[in-house]
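Trainee: Please model the entire structure based on the sequences and the hints provided.
This is what each chain is made of:
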Amino acid sequence: MTVVVSWLEGVARAARFAGRVLAEAVRPPFEGRETLRHLYELGVRSVPLIAAAGFAVGVVLSMHTRSSMARFGAEALIPAGLAIVLIRETGPLVSGLLLSGRIGAGIGAELGAMKVTEQIDALEAVAVDSFRYLVVTRVVACVIALPLLTTLMNFTGLLGGWVAEALITGMPLGTYFRQAFQPIQFTDLVPATLKTTVFGFIIATVASYLGVHTTRGTEGVGLASTRSVVTSSILLIATNVLLVRLIQFVYP
Amino acid sequence: MGMTKPAWVGVFVLGTIALFAAGLFMIGDRRLLFTGHFEVSTTLAKVTGLEVGTRVRLAGLDAGEVLEIRVPPAPSGRFLVRMRVREDVRPLVRTDSACTIQTDGLVGNAFVQMSPGTDAAPLAGEGDVLHGVDPIELADVLREGRETIQLINRRVVSLTDEVSGTLTSLTRTMDTTREVIATAGRRVDEFGATGHEVLTDVRHTVGDVRVLVERTRAGEGTVGRLLTDTAFYDRLRQVADDAAGTAAALRETSETARTAVNDFTAADGAGARITQTIRNTLASIEEVTNDLAEGTEALKRNFLFRGFFRDRGFFDLDAMSREAYQAGLLERDNRTAVRIWLDAAVLFETDPDGGERLTADGRRRVDQAMAQLVQYPRDSPLVVEGYARAGDADTYVLSSERASAVREYLLRRFRRATTLTDTMPLGSDAVGSPRGDATWEGVALAMFVSNDLFRARR
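These protein sequences, in sequence, are chains A and B.
With my numbering applied, the first sequence covers 8 to 259.
With my numbering applied, the second sequence covers 11 to 468.
Misleading hints may appear alongside valid ones.
Unchecked claim - Below, simulated EDC-like cross-link-like pairs (lysine to aspartate or glutamate); rule was C-alpha separation at most 20 Å, straight line:
#1 B:LYS56 <-> B:ASP39
#2 B:LYS56 <-> B:ASP144
#3 B:LYS15 <-> A:GLU38
#4 B:LYS56 <-> B:ASP114
#5 B:LYS56 <-> B:GLU147
#6 B:LYS15 <-> A:ASP128
#7 B:LYS56 <-> B:GLU154
#8 B:LYS56 <-> B:ASP150
#9 B:LYS15 <-> A:GLU48
Stated by the list, open to error - Non-contacting residues of chain A with respect to chain B, defined by C-beta distances greater than 10 Å in every case (computed):
#10 ALA30
#11 VAL33
#12 LEU43
#13 ALA63
#14 ILE151
#15 ILE175
#16 THR182
#17 LEU196
#18 ARG223
#19 LEU230
#20 LEU249
Hints in this document: simulated from the structure, not taken from any laboratory.
Keep in mind the model is a prediction, meaning the values are calculated, not measured.
Glycine included, each C-beta is placed from N, C-alpha and C at the ideal position.
Mentor: Rendered as structure tokens:
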């Protein structure tokens with residue numbers, strides 16, 4: 008019983024933390040330089056990972072789709088099928104999960120280490136708003152980076168699909184992209200890409216919360232890092248279900 | 011030139027936003043948002059697979075998309091499909107253009123196929139409603155195919171009847187012709203003999219006349235003087251020549267007629283050729299019917315269509331063992347067998363060559379039995395079960411022959427569909443026969459009807 012109560016208290020604290028992030032994020036000053044630095048660390052440095060993963064996913068999806076479609080003699084639908092799968096769901100979800108691993112662990116470990124080495128207390132001592140300086144900037148950077156990285160993943164995924172297709176049929180790039188975008192609507196691309204801002208918010212907020220609440224020294228740093236990955240991944244998948252339902256409700 | 015971190019961030023943000031914008035542009039371009047377009051509509055009774063955004067093709071060219079599908083206010087109404095079409099294809103869209111729904115291949119997406127109009131018709135204007143042709147669905151095609159096959163079957167049966175009737179008339183005509191010619195030949199012979207007699211008489215007369223003339227020439231009597239004029243003799247000679255010529259012409263005519271008849275009836279004559287042509291035509295018809303039957307069989311066994319055929323009561327006894335049939339395989343899909351037992355003693359009589367054939371009483375008995383079965387739908391499967399006495403070496407063959415004879419009669423007399431009427435030779439094994447000892451001689455008509463219907467009719 009005590010466990011449940013303390014867990015619920017933890018949830019309430021995290022929710023309050025998230026609410027504070029939202030409130031602080033829209034209030035100046037915006038700490039632009041620090042946000043830009045995090046955008047570089049979290050966004051630009053994730054580009055190779057996302058590009059490589061997207062390319063590989065595109066190649067693999069294309070190969071799988073080919074074997075299934077070939078049974079019906081519908082190879083012409085491969086680009087369109089791949090684009091629908093990638094843009095609607097696979098792109099946003101896979102980039103969210105990959106970044107929850109890379110960014111979530113990074114933020115959790117970094118803030119955890121700052122906490123146990125009392126650097127956060129030191130910032131407070133020199134009258135710097137540590138919450139705004141450390142947490143809000145990371146969350147804002149993450150919210151901006153996620154849709155951009157998802158777009159990159161969609162693009163590299165389609166590129167991978169084209170490479171797999173071109174090796175077999177020699178289809179030109181332009182034809183492939185035209186065929187791929189044949190069934191795609193604005194309502195497929197825009198909501199699916201924008202929903203990753205929510206993923207970015209979840210990843211950065213969960214990792215920051217666990218980081219700044221680290222206890223038990225260096226051991227706690229590792230724990231905060233692991234828990235931020237696991238918790239943000241689970242939350243991300245659960246939220247995705249709700250968001251997809253919501254999108255389908257708004258754009259039937 | 012070293013790139014700073016903020017510069018990299020700039021490249022990252024701008025690059026990915028450009029990619030996103032390119033995606034939006036491609037979608038917008040496909041939806042004709044950046045090119046000139048106009049709107050037309052069409053009305054359709056059903057909108058199979060159509061949705062907003064479905065492509066519109068004009069003579070195979072990607073020409074636009076569906077904007078809206080408006081549901082009709084009443085079941086008798088038609089859906090209004092509003093479409094956005096590229097401006098550059100406007101010259102092809104005329105007021106007599108027609109729209110229908112088609113799919114890419116077997117599993118492809120649906121699209122609206124717009125046909126270009128005729129040169130004489132005016133250009134379609136903004137918001138015009140074009141003629142809509144309702145799409146044909148696979149089930150409709152199969153139903154029509156089935157009806158066509160049944161129609162062909164009926165036509166082939168009636169054609170066979172007609173051809174065999176024609177053949178019979180032809181044979182009869184040939185027999186009559188042969189008879190007429192034989193009679194004519196006899197008459198000609200008789201006439202020839204008569205002509206010969208006439209000729210002999212004439213010759214005698216001429217001889218007598220010659221004596222008379224000689225006597226006359228010798229100056230016997232007053233007539234001699236009169237007859238010294240040779241004109242009378244020449245005329246008599248002419249008469250004799252004419253008679254001989256007539257006889258020869260008659261003989262020649264008779265000969266020509268005989269040759270004509272021989273030519274007609276010879277192995278390679280015109281008669282044989284006509285018969286052969288008719289025979290070939292019949293063989294071709296039979297071949298086509300067999301091909302059709304095989305095609306349908308193949309369709310029935312295809313896993314895609316098997317359910318369709320089974321639902322409609324098609325069955326195939328060739329693929330069913332006797333045991334499976336007796337175990338009630340046909341009664342599995344909520345069907346009940348309605349069985350009428352017919353005794354061989356009433357149905358059949360023995361042929362001079364030892365076989366059995368349906369008697370007139372037998373046909374009446376079958377008619378009575380069928381009268382009891384007409385209350386069930388015509389598309390109920392009907393199996394003619396054949397039975398024969400046990401112990402005979404040819405029990406099975408006899409039961410098969412009996413069943414086949416009755417089936418033939420049913421097909422001919424009641425125009426039963428061949429696909430729904432089949433035979434099942436069961437030898438001496440008559441489970442549930444009225445004799446009570448599980449034996450029967452004759453046939454049983456088993457009609458398989460749905461349980462609900464069976465209960466309702468009882």
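Trainee: Take the hints in turn and mark each one as holding or not.
Mentor: Evaluated hints:
Of the pairs offered as hints, the one joining B:LYS56 and B:ASP39 is violated, with about 29 Å between alpha carbons and a cut-off of 20 Å exceeded. Of the pairs offered as hints, the one joining B:LYS56 and B:ASP144 holds, with about 7 Å between alpha carbons and a cut-off of 20 Å not exceeded. About 16 Å separates the Cα atoms of B:LYS15 and A:GLU38, which keeps this hinted pair within 20 Å; it holds. A distance of roughly 18 Å separates the Cα atoms of B:LYS56 and B:ASP114; the hinted pair therefore holds under the 20 Å criterion.
Taken as a hint, the B:LYS56 and B:GLU147 pair is honoured in the structure, with Cα atoms around 10 Å apart against an allowance of 20 Å. Distance hint between B:LYS15 and A:ASP128 is unfulfilled; the C-alpha atoms sit about 28 Å from each other, more than 20 Å. Annotation: proposed proximity of B:LYS56 to B:GLU154 holds, straight-line Cα distance about 19 Å (limit 20 Å). Between the alpha carbons of B:LYS56 and B:ASP150 the distance comes to roughly 13 Å, so the proposed pair stays at or under 20 Å and holds.
The hinted pair formed by B:LYS15 and A:GLU48 meets the criterion: a straight-line CA distance of about 9 Å does not exceed 20 Å. Annotated as non-interface, A:ALA30 keeps its C-beta farther than 10 Å from every C-beta of chain B; the closest such distance is 25 Å. Distance check for A:VAL33 against chain B: the nearest CB is about 20 Å away, which clears 10 Å, and the non-interface claim stands. Consistency note on A:LEU43: stated as away from chain B, yet its beta-carbon is not over 10 Å from all of that chain's, at 5 Å minimum.
Annotated as non-interface, A:ALA63 keeps its C-beta farther than 10 Å from every C-beta of chain B; the closest such distance is 18 Å. Distance to chain B contradicts A:ILE151 as a non-interface residue, since its nearest Cβ pair spans about 8 Å, not more than 10 Å. Non-interface status of A:ILE175 relative to chain B is upheld: no Cβ of that chain comes within 10 Å, the nearest being about 19 Å off. The Cβ of A:THR182 lies farther than 10 Å from every Cβ of chain B, with a closest approach of about 13 Å, so its non-interface assignment holds.
The beta carbon of A:LEU196 is not kept farther than 10 Å from every beta carbon of chain B, the shortest such distance being approximately 6 Å. With a minimum CB-CB distance of about 34 Å to chain B, A:ARG223 clears the 10 Å threshold, and the non-interface call stands. No Cβ of chain B comes within 10 Å of the Cβ of A:LEU230; the nearest lies about 31 Å off, and the non-interface call holds. Every beta carbon of chain B lies more than 10 Å from that of A:LEU249, the smallest distance being close to 24 Å; the non-interface claim holds.
Hint check: violations occur at hints 1, 6, 12, 14, 17; the rest are consistent with the structure.
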